[in-house]
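Asks: Sequence:
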Amino acid sequence: IICEPTSTIVIDPECRAEVTETGAVLITVPSSSTVPLASKVPVSGRLQSSETQLTAEACRQESERHRKPVDLVRLELFSNRFTSIAEQMGEMLRRTATSTNVRERLDYSCALFDDKGQLVVNAPHVPVHLGAMGETVRAVMTDHPNMMPGDVFVTNDPYRGGSHLPDVTVITPVFINAAQTPCFFTANRAHHAEIGGIRPGSMPPMSSNLAEEGVLIRSRKLVDRGVSCEDQLQQLLLSGQFPSRAVHDNLADLAAQVAANECGVRLLKELVQTTSLQQVADYMAHLQDVTAQKVQQAFLSLGNCKRTFRDELDDGTPICVSITIDGAKAVIDFTDSGDVHPGNLNANRAITTSAVLYTLRCLLAEDVPLNAGVLRPVELIIPHGILNPAEGESPDTTPAVVGGNVETSQRIVNALFGALQLAAASQGTMNNLTFGDTTFGYYETICGGAGATASASGADAVHTHMTNTRLTDPEILEKRYPVRLRRFCIRRGSGGPGRNSGGDGIIRELEFLRRVEISMMCQSFQHPPYGMLGGQPGATGINELQSPGEDSFRVVGGSFHASAESGSVLRIQTPGGGGFGQPALSNPDA
1 IICEPTSTIV IDPECRAEVT ETGAVLITVP SSSTVPLASK VPVSGRLQSS
51 ETQLTAEACR QESERHRKPV DLVRLELFSN RFTSIAEQMG EMLRRTATST
101 NVRERLDYSC ALFDDKGQLV VNAPHVPVHL GAMGETVRAV MTDHPNMMPG
151 DVFVTNDPYR GGSHLPDVTV ITPVFINAAQ TPCFFTANRA HHAEIGGIRP
201 GSMPPMSSNL AEEGVLIRSR KLVDRGVSCE DQLQQLLLSG QFPSRAVHDN
251 LADLAAQVAA NECGVRLLKE LVQTTSLQQV ADYMAHLQDV TAQKVQQAFL
301 SLGNCKRTFR DELDDGTPIC VSITIDGAKA VIDFTDSGDV HPGNLNANRA
351 ITTSAVLYTL RCLLAEDVPL NAGVLRPVEL IIPHGILNPA EGESPDTTPA
401 VVGGNVETSQ RIVNALFGAL QLAAASQGTM NNLTFGDTTF GYYETICGGA
451 GATASASGAD AVHTHMTNTR LTDPEILEKR YPVRLRRFCI RRGSGGPGRN
501 SGGDGIIREL EFLRRVEISM MCQSFQHPPY GMLGGQPGAT GINELQSPGE
551 DSFRVVGGSF HASAESGSVL RIQTPGGGGF GQPALSNPDA
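Residue numbers (the working numbering): 1 to 590.
Source of the hints: derived by calculation from the structure; they are not laboratory data. Note that CB positions come from ideal geometry on N, CA and C, so glycine has one too. There are no misleading hints in this set.
Restraint-style ranges between C-beta atoms, simulated for each label pair:
id: 1; residue 1: Phe560; residue 2: Pro124; range: 27 to 35 Å
id: 2; residue 1: Gly240; residue 2: Cys305; range: 45 to 53 Å
id: 3; residue 1: Ala454; residue 2: Ser7; range: 29 to 37 Å
id: 4; residue 1: Gly226; residue 2: Ala252; range: 18 to 26 Å
id: 5; residue 1: Cys305; residue 2: Pro342; range: 31 to 39 Å
id: 6; residue 1: Glu366; residue 2: Val227; range: 39 to 47 Å
id: 7; residue 1: Ala178; residue 2: Arg470; range: 38 to 46 Å
id: 8; residue 1: Thr98; residue 2: Arg225; range: 20 to 28 Å
id: 9; residue 1: Gly327; residue 2: Asn177; range: 41 to 49 Å
id: 10; residue 1: Leu72; residue 2: Val227; range: 42 to 50 Å
Calculated cross-link-like contacts (lysine-lysine; reagent style DSSO-like; alpha-carbon spacing at most 30 Å):
id: 11; residue 1: Lys329; residue 2: Lys116
id: 12; residue 1: Lys306; residue 2: Lys329
id: 13; residue 1: Lys294; residue 2: Lys329
Full structure from sequences and hints, please.
Replies: Put into structure tokens, the structure is as follows:
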């Protein structure tokens, strides 16, 4: 394989390639040569008749009985093709969505799953979504065992692998020809900036149960054999004590999510037509196998050891992890982490698992997809508590989770990175800001400093770890919402000193042009992002509010809710990342 920035060239066996003086690649094909890859593709572009009758389960069994050694060239080609499908799903979602949060901030994720609901490949979207979606797909498979072609399912249930209620997952089973059960699944998860709850924007900083965070969609059909169930879903979104304030946006974005999945279905069917169902299923399995092998190799390179780390939320709640590596396997144990949180900082098991999957993927130096194979060599121990709360009998008695998804997940990653000494702490928060009134809700996460590593300083003003979204362009923000962006700059000196310094956070000032309700949910305002191996911690965050007629800003804390009159200004200073290694002396002779 010859890889270039804009193309990939596959050289078949017995062929000869050379680079000419002009930089072109000249391939000489012997007259007696065959082309093995092309010869495996039916000339008609269609499956043989015997293949069309295979169910997904029969195909899987055939695959396991007759799976041949992995052709690394074909593995690379299939990997790129799968990734391309997920990326095209994401582009379809971006183009067809109407909400700012999806269309501009790109707060969504798309992925492909095999017939068992295992993550195969994803587009490079939001890590906190991707690691948890597999559990959602498998939960929906259990809820709806008799899926039919044309069905589409929707859920935002945190106890079905969801992250928090604003993150709505749409799942489409893929049936190939006469298959009686799904052969694959396409799925996407998008953050709806308004899904109900006690505060506009559906990110209430003081929620204490799931009902206060919005409308719960347990698991239901969004499309029933090609017929939309939009009316029933609309009734659900408008029901309950705290209904959605933007049902039109919800339905429009859900339609975009369905379209994105259908794009993936179409492209998967085209891939099957040009190869075969068995080959596609085989290489979905091969990709997971290869990823698992890479993780095992990473464990072997670390050697047998036990590593522990403890981080704390701003209220002192501990996040503890112990990583025991024995050969090519590891046990990751979160025993001694805090009890179920009385507020909303509970992270469900799927979110905790997602943080582990992301961290282990960061161990790998090679470019392999983030998929379910990452977790095969791992035993996870997540006791009941803040990282694995139990579901109550109703939303009113179920622990709140909205902050666990966005805040606690970041601290789980920081604890894992600390145990493995991969990097100093990044800002350890997503700096969640929501504002709105009875007619709209706006949501954004705000960048900060990245933690330094042994080889590089941390990046300034970036989203890190479990988030990978954008900030809305100032022109679009000011056009669509009653707000003016007064200041947006790097918070110089907020990164922790070290041999490699931590990245700096940012300063962001927003002036509100009419009365709105403001909510913020942040961490690292009491406990600074830690430094690593002698590096110093990054600066803590600061939130300040200035009301009309006031001469100065007043500190309002990391998590707060306030009513802001027209002319009020909110100043947000996000945390910096921790430094790595002892800072060098500026004057060694002093």
